[in-house]
Amino acid sequence: MDKNNFWSKLGGWFGNTIRKIGRWFKSLFVSIDDKEPKLRVLIKKDSFTAVLASLTSILIGVLFGFILLLVLNPAHALGGLGAMLATGLSNPVSFANVLYSSTPLIMTGLAVGFAFRTGLFDIGAPGQYLMGAFFALYGAIILNLPWWACLILAMIGGAIMGAIPGIFKALLNVNEVITCIMFNWIGLFVVNLSISNIPPMLQSYYGSVQADRTVQLVTVNESALIPKWGLDTLFGSNYMNIGFILAVLIAILIYVLLNKTTFGYELKACGFNKNSAKYAGINEKRSIILSMIIAGGLAGIGGGLYYLSGVSQYQIAKVLQTVGFNGIPVALLAASNPVGIIFSALFVSYITVGGNAMQPEFAKEVIDIIISVIIYLSAFSLLFRNIIRKKIAEKLEKKELKSKILPSDNAGDSGHGILPSDQSKEG
Amino acid sequence: MDNNYVIEMLNITKEFPGIIANDNITLQLKKGEIHALLGENGAGKSTLMSVLFGLYQAEKGIIKKDGQVVEIKNPNDANALGIGMVHQHFKLVEIFSVLDNIILGKEPCKAGFINRKEAREKVISLSEKYGLNIDPDALIENVSVGMQQRVEILKMLYRDNEILIFDEPTAVLTPQEINELMEIMRGFAKEGKSILFITHKLNEIMAVSDRCTVLRKGKCIGTVETKNTNVRELSRMMVGREVQLQVKKGEAHPTETVLSIENLTVPSKIHKNNAVKKVNLNVRKGEIVCVAGIEGNGQTEFVLALTGLEKPNEGKIVFKDIDITKATIRERSKNGMSHIPEDRHKYGLILDYSLQENLVLQRYWQPEFQHNGFIKKAEVTKYAEKLIKQYDIRSGQGPTTTARSMSGGNQQKAIVAREIDKDPDLLVAVQPTRGLDVGAIEYIHKQLVAERDSGKAVLLISLELEEVMSVSDRMYVMYEGEIVGEFMTKDITVEELGLYMAGAKRQEAANG
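Residue numbers (my numbering), protein chains in the order written: chain X, 1 to 427; chain W, 1001 to 1512.
These aren't lab readings, by the way, just hints derived from the structure by calculation. Think of the CB as a built atom: it goes at the ideal place given N, C-alpha and C, for glycine as much as any other residue. Treat the hints loosely; a few may be bogus.
[To be verified] Straight-line Cα separation of at most 20 Å, EDC-like style, residue types lysine to aspartate or glutamate; simulated pairs:
(1) K278/X x E1331/W
(2) K285/X x E1262/W
(3) K274/X x E1015/W
[Claimed, not checked] What follows is a set of in silico ranges between Cβ atoms, one per label pair, in the way DEER data are often shown:
(4) H1089/W x A393/X: 18 to 26 Å
(5) S8/X x P1367/W: 49 to 57 Å
(6) V51/X x Q1397/W: 18 to 26 Å
(7) H1089/W x N175/X: 21 to 29 Å
(8) K391/X x L1139/W: 35 to 43 Å
(9) G22/X x H1089/W: 49 to 57 Å
(10) I21/X x Q1366/W: 42 to 50 Å
(11) N175/X x I1019/W: 49 to 57 Å
(12) Q1507/W x R286/X: 54 to 62 Å
Just chain X, same shape as in the assembly (with noise of 0.2 Å):
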């Protein structure tokens, strides 16, 4: 008897399932109990027209980039191809190239990103970057902190680069843009000038010859390494350390701020309309320091992050650092959205680092172009997403139309009983 029962569950259980099952996935592509189908939901959704109009205009970018490959050097363009777009799976090394030069990028888009939504264009991420790299081994050199420690110096660095544009704007209203580029030359210089003028610092006080480059950490200070957690046994490279979970949870931590605080509220009111935002109490001058500070403090955690992995040294150099501007088109490519940055960040890391297994058919200054017009382009994806949306939009309204005058044809399902309505919201 029991076992009947049990066998008569089982099968009444698994019968249910598949039911359930069935229904989900009719539940996609025809409407029951008055919902929508949940394709329709979810094609609607203007997250997914953003990801669709982000991969289309990469896929254009690529393409393009495929032209000129073939005008360049047609013997290699297919091969060279499939290196940029294969290389950073193809094996782990490379993928934990991939996410060890995202890491920084995901900051600097995040420090870009995070103004935007304010109303702010910072331009002074690679400054803000080089600040905090600076403070980051400053603590880990000289004040012989632990990461941690070191990481938040780099944020204070950053926080600190990125007020200034702020307090000038708000107070004064001068314009962030040109602050912001004065500024990320005179950190450039201050930088350079602090490390040339502390000794500890460079590799040439331990005894090397080369005078324009920081000491390695491991050598003074390893508690000031970026943890690795099994990462690099893992992936075999010791690139690899917990410096990407890091990036990408705080960028969670800002999507989260943005979009569920009263703070993120206040800025992005700020952002969209200072009037209305000063008419509704929001102190609007403190809005737009603050969101400098935070930007700030983000592309500076993201020099920390760099160069706390120590793998690589810093070098003295006249030239600002790609990593900060590229901040920019990172942010633009992700709409500003924070969780969009991380991919976005790994895209262009991604091709970047294919970009250079193409080497030696292709020069590296070709390489630098191509990698260039296909992120161009993928900034095209703003344009894209309002031809999809209102195609989608057109393509719906079509449907709906016709769907108004036929009687559809699953009116059965409505005898099923109606469903709580907080549940028509998903998808």
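Take the given structure of chain X and dock chain W to it, following the hints.
Relative to chain X, chain W alone:
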């Protein structure tokens, strides 16, 4: 085939997600007539005109000009057909001069350089011909709404448009300006220009139009000859029920003073003089006090200083026995001051936020809507749904509709709902019924009176004589930044009020 029609819109249907804005509407415009288009907020008037002007494409229906089917794909096509439009929300470049705005898109050029001299002559001669007083060199951001509208009209004239669409042109004007505008419109009609005139104001239709087409909820209710109809019939056609056109209210019972203002002086942004000069004024609980005056006489600056958006030069503002002259906007709001701003796009709304986010704009920081800095989204939606229902705010997708995509009247309703529901001790309402239809005006006036009757103070700043006379209990008249008279509303006639507003008369004692 009647060739009298210069424009025919036949069986126009236009849908938006979630709403059919125009449902099989037919509109025929005769040459040289003033044709009014009447309907509630969101009835589809603006959409229909946008279809004619090429901003939207209709799904169904055809447009004929002089009997020929035409396709209007964009405003340039419309312009080429001689169709011009003054939008409800002006399409002007704020940081350009008046002249540059007028010629924008049709700049007279010589070898690639703009020939401003020629343009200036044409603009000035047009403005003199039609009595449209403008300053060609003033920046748009510095001129009054009335002048902005004249700039829009000049834009059409500059392009030699023959069919002129006015989308709620009188919503922003003073009574005098309305009369002037009507004269101008009659002048246009006499010259053979045809006018389509969107409005909610029944009196204006009766005064100026030849025929009137009524829309309700996207459907065409009918077209009537103005001389064969009356205000009551029109309002019934528009709303679908009988409307209380007169504000019903009892005697006011004012108690203690809530707001007292002493010697308030506010600088002007346009000129070097003060915009508000030593204004003394008080508002008590349980009364509706109105500041009447022609636009541009300092009311705007007065309100900005009162609500904290602008700093006064001197003077004192005492609100509920606290000196708030230097208080922040948030402090004033917390203290119980609500503000329905004059410019709903500049101040009242964040157009890129959703309706529900806009409805909590003044309250998002209250414990009801946030916990430890996290917004309680469910509460916000619930609250928004309540207000939407209570105030009949219509939108395509309910609480999540972007404010930008809502019709002007519904945007205004959202602001009014937000500010009244804050339960303020003092409601500063600047033209709260601007751009609303009779049904909504009736509702808002009722709300103002209800606020008063529940012991709140209402300070109403209005340019409309009718509103001033019917809603207020007491009034101040402002002229060139000064209070030139204070009256109990029941003691003054419209004519006398007009004299004070125009500066022809003043009470010396009033501003002692």
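Each hint tested on the structure:
At most 20 Å may separate the alpha-carbon atoms for a hinted pair to count; K278/X and E1331/W meet this at roughly 12 Å. Using a Cα cut-off of 20 Å, the hinted pair K285/X and E1262/W is violated, with the two alpha carbons roughly 29 Å apart. Of the supplied pair hints, the one linking K274/X and E1015/W is violated, its CA atoms being roughly 33 Å apart against a limit of 20 Å. Checking the proposed 18 to 26 Å range against H1089/W and A393/X shows it holds: the Cβ atoms sit about 24 Å from each other.
In this structure the supplied range 49 to 57 Å holds for S8/X paired with P1367/W, their Cβ-Cβ distance being about 54 Å. Our hint of 18 to 26 Å for V51/X and Q1397/W holds, since their Cβ atoms are close to 21 Å apart. A C-beta distance of roughly 28 Å is found between H1089/W and N175/X, which places it inside the suggested range of 21 to 29 Å. Checked against the hint of 35 to 43 Å, the C-beta distance between K391/X and L1139/W comes to roughly 40 Å, which is consistent with it.
A beta carbon spacing of about 51 Å between G22/X and H1089/W agrees with the range 49 to 57 Å that was offered as a hint. Between I21/X and Q1366/W the beta carbons are some 45 Å apart, a value that agrees with the proposed interval 42 to 50 Å. For the hinted restraint 49 to 57 Å between N175/X and I1019/W, the CB-CB distance of approximately 41 Å leaves it violated. At about 45 Å, the beta-carbon gap between Q1507/W and R286/X misses the expected band of 54 to 62 Å.
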